[in-house]
Structure formats: C-alpha cells, structure tokens
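Hey, can you work out the whole structure from these sequences and the hints?
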Amino acid sequence: MASSNSKSTNETARKIFKILLTNPRIKVSWVKAHAGNIGNEREDQLAKYAMQHGQPYSLTKLPKPHIKGLFRKSMLEEWQTSWKNGDTVRKIYNIMPSVSLSPTNWIREDVNVLLSTWPFPCLPQKVSPV
0 MASSNSKSTN ETARKIFKIL LTNPRIKVSW VKAHAGNIGN EREDQLAKYA MQHGQPYSLT
60 KLPKPHIKGL FRKSMLEEWQ TSWKNGDTVR KIYNIMPSVS LSPTNWIRED VNVLLSTWPF
120 PCLPQKVSPV
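Residues in the sequence shown are numbered from 0 upward in steps of one, following numbering that gives the first Met the number 0.
Check each hint, because a few of them may be wrong.
Only pairs whose alpha carbons sit at most 35 angstroms apart, straight line, appear in this in silico DSBU-like list of lysine-lysine [to be verified]:
no., residue 1, residue 2
1, K67, K31
2, K17, K47
3, K31, K63
4, K31, K14
5, K17, K63
6, K63, K26
7, K60, K26
8, K17, K83
9, K6, K60
10, K31, K83
11, K67, K17
12, K67, K47
Distance ranges between label pairs, derived from CB positions [claimed, not checked]:
no., residue 1, residue 2, range
13, N36, P96, 27 to 35 angstroms
14, T21, I94, 42 to 50 angstroms
15, V88, S7, 45 to 53 angstroms
16, E10, N84, 41 to 49 angstroms
Everything labelled a hint here was simulated from the structure, so no lab data went into it.
Note that the structure is predicted; figures quoted are calculated from it, not measured.
Every residue gets a Cβ at the ideal spot worked out from N, C-alpha and C, and that includes glycine.
This is the structure in structure tokens:
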C-alpha cells in the first residue's frame, strides 16, 4: 500500500501517511470489495453520492460536535425510512412509529406479550388486543 510507504512520491499517499503518523489511533486495513460488508457498502454509497453531488461543505475544519450531529441526523433519517418501509415487527411499529436513540425501558415480559412470543408452551401463544 503506497500510503504506508514513507518514501512514496504519490502526493495523496504522502498526505495519508502524514495523517496516519499524526493520528496513531487510525487503523487502515484491506476490505474485500463487493463482499456484502455493510460498512464498506455504505462507504461506497457515500463516495458515489459525493462524486455525483459534490462536496456539501468546504474543506475548512468543522467542529467535531457539528459533524457528529450531521452524522446522527443522517443516520436517524435513514433508520426512520428503513423502519417506516420495513415489513417486519409491525406490531411494534404500530406502537412506536418513530425511531429514537433513547431507550424504551420496556421489560422482557412486555415485549413477549406484545409480540406473542412466550418462552413456555403452557402459556397462551396469542394474546388478543384489549
């Protein structure tokens, strides 16, 4: 990999090498392309979007909390769309149509009643809605 070679003459590789030297917590590893890796597939989608629509922000440094907020907003919008258009666990969707990062504080028994998934065969398997 050119970015790991300190003697590379490639300008991009030199910039990457410099960033890696100043940020030892960054780990770079090879990931097989088109192998169904969700993170890699998402990265490919974002790269394609950036190529088609350009950069939404200038290259000036943005505060980390602002960037985290943008990521959180985008992630929640994508999650909400997936939840709204999904076809599983509709019983829960009917009660909680909006996604949230806040915990629901539901206990296991409540979930079992809601989903009619009792762990014991002696208990009723279906509960009629009240």
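Here is what the structure says about each hint:
At roughly 27 angstroms between alpha-carbon atoms, K67 and K31 fall within 35 angstroms of each other, so this suggested pair holds. Only pairs whose Cα atoms come within 35 angstroms are accepted, and K17 paired with K47 is accepted, the gap being roughly 26 angstroms. As the CA atoms of K31 and K63 are separated by approximately 30 angstroms, the hinted pair is consistent with the 35 angstroms bound. Taking the CA atoms of K31 and K14, the gap is near 24 angstroms; set against the 35 angstroms cutoff, the hint holds.
Note on K17 and K63: the hinted pairing holds, with a Cα-Cα distance of about 21 angstroms set against a maximum of 35 angstroms. At most 35 angstroms may separate the alpha-carbon atoms for a hinted pair to count; K63 and K26 meet this at roughly 19 angstroms. For the hint linking K60 to K26, the alpha-carbon distance of about 22 angstroms falls within 35 angstroms, and the restraint holds. Proposed proximity of K17 and K83 is contradicted: the alpha carbons are some 44 angstroms apart, above 35 angstroms.
Between the alpha carbons of K6 and K60 the distance comes to roughly 28 angstroms, so the proposed pair stays at or under 35 angstroms and holds. The suggested pairing of K31 with K83 holds, with an alpha-carbon distance near 31 angstroms, which does not exceed 35 angstroms. Only pairs whose Cα atoms come within 35 angstroms are accepted, and K67 paired with K17 is accepted, the gap being roughly 24 angstroms. Between the alpha carbons of K67 and K47 the distance comes to roughly 21 angstroms, so the proposed pair stays at or under 35 angstroms and holds.
As the Cβ distance of N36 to P96 is approximately 31 angstroms, the hint placing it in 27 to 35 angstroms holds. Distance hint check: the CB atoms of T21 and I94 are about 49 angstroms apart, consistent with the given range 42 to 50 angstroms. For V88 and S7, the hinted distance range of 45 to 53 angstroms is satisfied, since their beta carbons lie about 50 angstroms from each other. Checking the proposed 41 to 49 angstroms range against E10 and N84 shows it holds: the Cβ atoms sit about 43 angstroms from each other.
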